[in-house]
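Each protein sequence line maps, in turn, to chains A and B.
Heads up: the first sequence begins at 8 in the numbering used here, then just goes up one per residue.
Heads up: the second sequence begins at 32 in the numbering used here, then just goes up one per residue.
Source of the hints: derived by calculation from the structure; they are not laboratory data.
Keep in mind that a hint or two might mislead.
[Said to hold, decoys possible] Here are the in silico distance ranges between beta carbons for each label pair:
1) B:Gly110 with A:Ser257: 39 to 49 angstroms
2) B:His81 with A:Asp117: 51 to 61 angstroms
3) A:Arg309 with B:Glu83: 36 to 46 angstroms
4) B:Arg68 with A:Pro40: 50 to 60 angstroms
5) A:Asp117 with B:Arg68: 50 to 60 angstroms
6) A:Pro323 with B:His81: 32 to 42 angstroms
[Said to hold, decoys possible] Anything over 10 angstroms on all C-beta distances counts as not near chain A; from chain B, calculated:
7) Gly101
8) Asp111
9) Ala118
[As the list claims (entries may be wrong)] Some chain B residues judged to face chain A by a derived CB distance under 7 angstroms, without partners named:
10) Gly82
11) Glu83
12) Pro84
13) Phe87
14) Thr89
15) Tyr91
16) Asp94
17) Thr114
18) Val119
19) Ala120
20) Gly121
Note that beta-carbon positions come from the ideal geometry of N, C-alpha and C, so glycine has one too.
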Amino acid sequence: MRASLASPPSRSAPKPTLDREELLRYGRHLLLPEVAIDGQRTLKAARVLIVGAGGLGSPAALYLAAAGVGTLGLVDFDIVEITNLQRQLLHGTRDVGRLKLDSARDRLHDTNPNVKLELHATRLTSDNALTIIRDYDLVLDGTDNFATRYLVNDACVLLGKPNVYGSIFRFDGQASVFATADGPCYRCIYPEPPPPGLVPSCAEGGVLGVLPGLVGTLQATEAIKLMLGIGTPLIGRLLLVNALDAQFRSVNVRRNPLCPACGTRELRELVDYEQFCATSGGEAAGLDAVPQIEPRELAIRRASGEAIQLIDVREPHEWEIGRIEGARLIPLHRLGGAIPELDAQAPIAVYCKGGTRSALAVRDLLSAGFRRVWSVSGGILRWSREVDAGVPEY
Amino acid sequence: MPLTISLPSILARLADGNRALDASGATVAEAVADVTRRFPSLAPRLVDEHGEPYPFVTYYLNDEDIRFAGGFGATVRDGDELTIVSAVAGG
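Excised from the complex, chain A in its bound form (with noise of 0.2 angstroms):
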């Protein structure tokens, strides 16, 4: 199926010349007949917007930079963290704590100082997302949530700009293209989010460091086949990374007659993306209203002598980093199993990394006939930031 980018705000204009610096850096580009001198003058002209300088928007934006983009548009409203350079290459450790843009602009111009960048410093909205993305030509979705997913999605469908997508997760990837005239959507494969806590961020679960930098690759790979016309784009089709066993395989995917953006297109505007996430999957987790209990009362209570079972749902990976002493580690997975050996009648405080699995495990002993129990909100990490700094943080 060809690509289709009818009528790109960057195709009003005569297409941009080439210099004699141009000439040079692009040089290899110019040997590719599929490329050459009008191609490398189509990526000048062109506009690319990439939501998210993280994981995946870092290697798509060095190499749509490299490859001469002209325009490359980038919406992040992040700090850079020390956990993101394990795999967010577009930043180093000399830029923790800077705005992501603001390193990513530095990185990029340094790539190269002929690509205009405009940074959007916002987190994209529905009431921002129109306006930002019409007037680019395509997007590319290095987002890492599912609310922002569904509105790069729809947002695009509704102005028919084509969607590069990807995302990850531990060794596993997905890429495709979305929204372009007659492909399929994002929505067509996944009509709907999973419930709130069920799949793992990779803050939760963990995510390879190089995976974003082979999917991000393919992802600024499809922009530029989209861009120049040439190749077989991943449109009708969901390529599959699986990095472990080091394979690459794809599926068929089609368009939803019944999807709502793309197909009945009855979705005519963009929702409330957080709201549709939070309530997916017909009952929401509940994880809102499970009991919490905050580390430093929990601290407090069990120093007072108070017989607070401590139960650590993370896995035997996660207890080696560090655990909260006097804890009994059973994973998550595993805690089905266990509960005939918990005491029902003792009151049993839970904690996972960040709060969520630990969420999930309270919702599960209450509906198994606890009462007194408790999700320690915030996780390990809260509680190394707040009770005891000897609990390394990860």
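Assemble chain B onto chain A, guided by the hints.
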């Protein structure tokens, strides 16, 4: 020869780390039931309380989305491959 079910890593840990499982059954639903019998932890991640597929987990039978080919009632044959893909949002 049974069919093969491929799991993403997010689900493989619930199947003793297996990314590929042999399964038997005449339909997709029967094949899925076969593996959830052997790995009960998988069940709530593959099907809802009514035994139906979730909208955020997609099943591809020989690379085709089963929603366009009979859904869980789709017939499977020996040697078929059922690929299960779960929505992930990391970036």
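Do the hints match the structure? See the list:
For B:Gly110 and A:Ser257, the hinted distance range of 39 to 49 angstroms is not satisfied, since their beta carbons lie about 20 angstroms from each other. At about 55 angstroms, the CB distance of B:His81 to A:Asp117 agrees with the hint of 51 to 61 angstroms. Judged by the Cβ atoms, the range 36 to 46 angstroms given for A:Arg309 and B:Glu83 holds: they are separated by roughly 44 angstroms. Checked against the hint of 50 to 60 angstroms, the C-beta distance between B:Arg68 and A:Pro40 comes to roughly 56 angstroms, which is consistent with it.
About 57 angstroms separates the C-beta atoms of A:Asp117 and B:Arg68, a value consistent with the hinted range of 50 to 60 angstroms. For the pair A:Pro323 and B:His81, the supplied restraint of 32 to 42 angstroms holds, since their beta-carbon distance comes to about 34 angstroms. The beta carbon of B:Gly101 sits about 14 angstroms from the closest Cβ of chain A, which is more than 10 angstroms, so the claim that it is off the interface holds. For B:Asp111, the non-interface assignment is confirmed: its Cβ lies about 14 angstroms from the closest Cβ of chain A, beyond the 10 angstroms cut-off.
With a minimum CB-CB distance of about 5 angstroms to chain A, B:Ala118 fails to clear the 10 angstroms threshold, and the non-interface call is violated. With a least beta-carbon distance of about 14 angstroms to chain A, the hint placing B:Gly82 at the interface is violated under the 7 angstroms criterion. With 7 angstroms as the threshold, the beta carbon of B:Glu83 stays out of range of chain A, its nearest partner Cβ sitting at about 11 angstroms, so the hint is violated. Using the Cβ-Cβ criterion of 7 angstroms, the hint placing B:Pro84 at the interface with chain A is not satisfied: the shortest such distance is roughly 11 angstroms.
For B:Phe87, the shortest C-beta to C-beta distance to chain A is roughly 4 angstroms, which falls under 7 angstroms, so the interface hint holds. This hint holds: B:Thr89 has a C-beta 6 angstroms from the nearest C-beta of chain A, less than the 7 angstroms allowed. Taking 7 angstroms as the C-beta cut-off, the interface hint given for B:Tyr91 holds, the closest approach to chain A being about 4 angstroms. With a least beta-carbon distance of about 5 angstroms to chain A, the hint placing B:Asp94 at the interface is held under the 7 angstroms criterion.
A least Cβ separation of about 6 angstroms between B:Thr114 and chain A falls short of the 7 angstroms threshold, and the interface hint therefore holds. Interface restraint check for B:Val119: the shortest CB-CB distance to chain A comes to about 4 angstroms, inside 7 angstroms, so the restraint holds. For B:Ala120, the interface hint holds, the least distance from its beta-carbon to any beta-carbon of chain A being 5 angstroms, beneath 7 angstroms. The interface hint given for B:Gly121 is met, as the beta carbon of that residue sits about 4 angstroms from the closest beta carbon of chain A, less than 7 angstroms.
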